[in-house]
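Q: Build the full structure now, drawing on both the sequences and the hints.
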Amino acid sequence: AQSVTQLGSHVSVSEGALVLLRCNYSSSVPPYLFWYVQYPNQGLQLLLKYTSAATLVKGINGFEAEFKKSETSFHLTKPSAHMSDAAEYFCAARGSVGALTFGSGTRLQVQP
Amino acid sequence: DTAVSQTPKYLVTQMGNDKSIKCEQNLGHDTMYWYKQDSKKFLKIMFSYNNKELIINETVPNRFSPKSPDKAHLNLHINSLELGDSAVYFCASSIQGGGQPQHFGDGTRLSIL
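So the sequences go chain by chain: A and B.
Take the first sequence: its letters are residues 54 to 165, numbered as in this note's numbering.
Take the second sequence: its letters are residues 15 to 127, numbered as in this note's numbering.
Since the hints were derived computationally from the structure, they do not count as laboratory data.
For clarity, every value in this text was computed on a predicted model and none was experimentally measured.
Certain hints may be false.
As the list claims (entries may be wrong) - From the structure, some residues in chain A lie toward chain B, with a derived Cβ separation under 10 Å:
hint, residue
1, Y78
2, G96
3, K102
4, Y103
5, S105
6, V150
7, V163
Claimed, not checked - The calculated SDA-like cross-link candidates involving lysine to any residue, where the alpha carbons are at most 20 Å apart (straight line), are:
hint, chain 1, residue 1, chain 2, residue 2
8, B, K50, A, K111
9, B, K50, A, S56
10, B, K55, A, K111
11, B, K54, A, Y85
12, B, K36, B, N71
13, B, K55, A, S65
14, B, K58, A, E124
15, B, K54, A, Q98
16, B, K54, A, A139
For each residue, glycine too, the CB sits at the ideal point set by N, CA and C.
A: Here it is as C-alpha cells:
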C-alpha cells in the first residue's frame, strides 16, 4: 500500500527565511505527487504537482518541490517566507484508482 | 464561480439523527470523491465515483451512503449519527487518470452533540 510521510508536524520560520517542508513517499511505481495548502476553515488548494515531466516542479506563490527518486522524497521549498504562507501543508500521492493518500500535514508558522 | 461547492458549510446535530451533505462541481470532471478530515487534520478517502459509478468504497460504516445522481453531483447521507462522526468532510473532483489534480470544496464541518 502507498504511504506518505511528512516529517515535522510543526515548522516555524522567520519572515524572509527559507521554508523547507519534508515529504517522503513509498511506492513501487513512479507516483503522482502533490502538495496542497489549507488555510483555516478552508478547503485544500493545489500548490504543485509532480507527474514525471520534470524533477523540479514550480508551483504557485513561489513554492517549488524537487522529486528525488533515490531518496523517495518530494520536499517543498520557498526561498523567502511571507506571513501569508502560514497554513497547513499536505503532501499527497495518487493511488492506482485515483484517490489521494495524504501525509499527516505540517503546520507552518511564520514569525515576524 | 465556485468550482466545487458543498452545502451546508456547518452542520450541528444530535446523536442518532440522519443528515445529508451535498456537493456539486462545475468543472466538467468525471470523478468525484468524499474525504474525511479528523480532529488531528488527518485526511482519508471515503468514497469515489466515476461517471456515477462507485469505484472506491473504503472501510466506512454502512451508515454512510453516497449517491451520485449525475457526474456533477455527489451527495453523502449519514444515518444514525454518532459522536465519532464529528469531522470535516471534503468533496473533491478531478478528471480520471494520470496526474490530474483534485479540486476540493471548502468542507462541511459536522458537529455531533
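Q: Take the hints in turn and mark each one as holding or not.
A: Tested hints:
Taking 10 Å as the C-beta cut-off, the interface hint given for Y78 of chain A is violated, the closest approach to chain B being about 14 Å. Given hint, G96 of chain A at the interface with chain B, holds; its Cβ is 4 Å from that chain's nearest Cβ, closer than 10 Å. Contact between K102 of chain A and chain B, as hinted, is supported at the beta carbon level, the nearest pair being about 5 Å apart and thus within 10 Å. Against a cut-off of 10 Å between C-beta atoms, the interface hint on Y103 of chain A holds, since the closest Cβ of chain B lies about 7 Å away.
Annotation: interface hint on S105 of chain A holds; nearest CB of chain B at approximately 8 Å, less than 10 Å. About 6 Å separates the beta-carbon of V150 of chain A from the nearest beta-carbon of chain B, less than 10 Å, and the hint is met. Because the beta carbon of V163 of chain A sits about 18 Å from the nearest beta carbon in chain B, more than 10 Å, this interface hint is broken. For the suggested pair K50 of chain B and K111 of chain A, the alpha carbons sit about 28 Å apart, so the restraint of at most 20 Å is broken.
Only pairs whose Cα atoms come within 20 Å are accepted, and K50 of chain B paired with S56 of chain A is accepted, the gap being roughly 17 Å. The hinted pair formed by K55 of chain B and K111 of chain A fails the criterion: a straight-line CA distance of about 26 Å is larger than 20 Å. Using a Cα cut-off of 20 Å, the hinted pair K54 of chain B and Y85 of chain A is violated, with the two alpha carbons roughly 25 Å apart. The straight-line distance between the Cα atoms of K36 of chain B and N71 of chain B is roughly 18 Å, inside the 20 Å bound, and the hint therefore holds.
With a C-alpha separation of about 18 Å, the suggested pairing of K55 of chain B with S65 of chain A holds against the 20 Å cut-off. Using a Cα cut-off of 20 Å, the hinted pair K58 of chain B and E124 of chain A is violated, with the two alpha carbons roughly 25 Å apart. As the CA atoms of K54 of chain B and Q98 of chain A are separated by approximately 19 Å, the hinted pair is consistent with the 20 Å bound. Between K54 of chain B and A139 of chain A, the direct Cα distance comes to roughly 17 Å. Compliance with the 20 Å bound is thereby established for this hinted pair.
When held up to the earlier numbered hints, the structure conflicts with 1, 7, 8, 10, 11 and 14 and fits the remainder.
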